[in-house]
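Visitor: Sequence:
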Amino acid sequence: MSDAEGYDAIAEAEADAARKRQGPTQGKTLGQRLRLPLMIGVPLVVLAGVGVVVLTGGKSETTDNAYIQSSRTAISASVDGRVVGIEVGENQAVKKGQVLFRLDPADYQVAVSEAEAALAQARYDVQARRAVYGQRLADMAAAEETAAYAKREAARQRDLAAAGVATQAQADEARH
10 MSDAEGYDAI AEAEADAARK RQGPTQGKTL GQRLRLPLMI GVPLVVLAGV GVVVLTGGKS
70 ETTDNAYIQS SRTAISASVD GRVVGIEVGE NQAVKKGQVL FRLDPADYQV AVSEAEAALA
130 QARYDVQARR AVYGQRLADM AAAEETAAYA KREAARQRDL AAAGVATQAQ ADEARH
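Be aware that the sequence shown starts at 10, since it is given in the working numbering, and climbs by one per residue.
Worth flagging that the hints you see were computed from the coordinates, not collected in a lab.
The model shown is predicted, which means the values in this text are computed figures rather than measured ones.
Heads up, the beta-carbon is just placed ideally off N, CA and C, and yes, glycines get one too.
It is possible that part of the hints are untrue.
As the list claims (entries may be wrong) - The following label-pair restraints were derived from C-beta to C-beta distances:
no., residue 1, residue 2, range
1, Asp134, Ala86, 32 to 38 Å
2, Pro52, Ala83, 35 to 41 Å
3, Thr176, Arg132, 56 to 62 Å
4, Val55, Arg111, 51 to 57 Å
Please model the entire structure based on the sequences and the hints provided.
Guide: See the structure below:
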């Protein structure tokens, strides 16, 4: 074998080794080579972004002049009414049981007055019914007394009529 043939064989072996090293990417376009990494990478980036938003979103509230990281607390009165005074300032720390605002007491004072008037009327009605009840008891006692007298008078007239001292008409009248 000549030197030229030996160099050709070495060059061809090196070319074969280079082709094997380049592998399946040789002959593919750029889009074909980037397809698999993009199909995996883009969804991973989107999922990571969604995870960051979900984990950090909604836990803190900001205002124009302060930064608060706490849970929200709803504030409401147990009764309806017009607010006439606010006892706390913006961003002021408050304690449990502290008065935050005052409501107009006029509506409630009217309601209390109406309730007191209704109570007084109910007491008057009870007294009136007791008086009527007492009167009915007295009327019943008088009726019982009148019935007892009529019974005695009828018996007396019957006895007198039997003895011949009174007439039968008087006995009949006493019976009815």
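Visitor: With reference to the structure, classify each hint as holding or not holding.
Guide: Right, here's what the structure says about each hint:
Checking the proposed 32 to 38 Å range against Asp134 and Ala86 shows it holds: the Cβ atoms sit about 35 Å from each other. A hinted range of 35 to 41 Å holds for the C-beta pair Pro52 and Ala83, which are about 40 Å apart. About 59 Å separates the C-beta atoms of Thr176 and Arg132, a value consistent with the hinted range of 56 to 62 Å. The beta-carbon spacing between Val55 and Arg111, approximately 53 Å, falls within the hinted interval of 51 to 57 Å.
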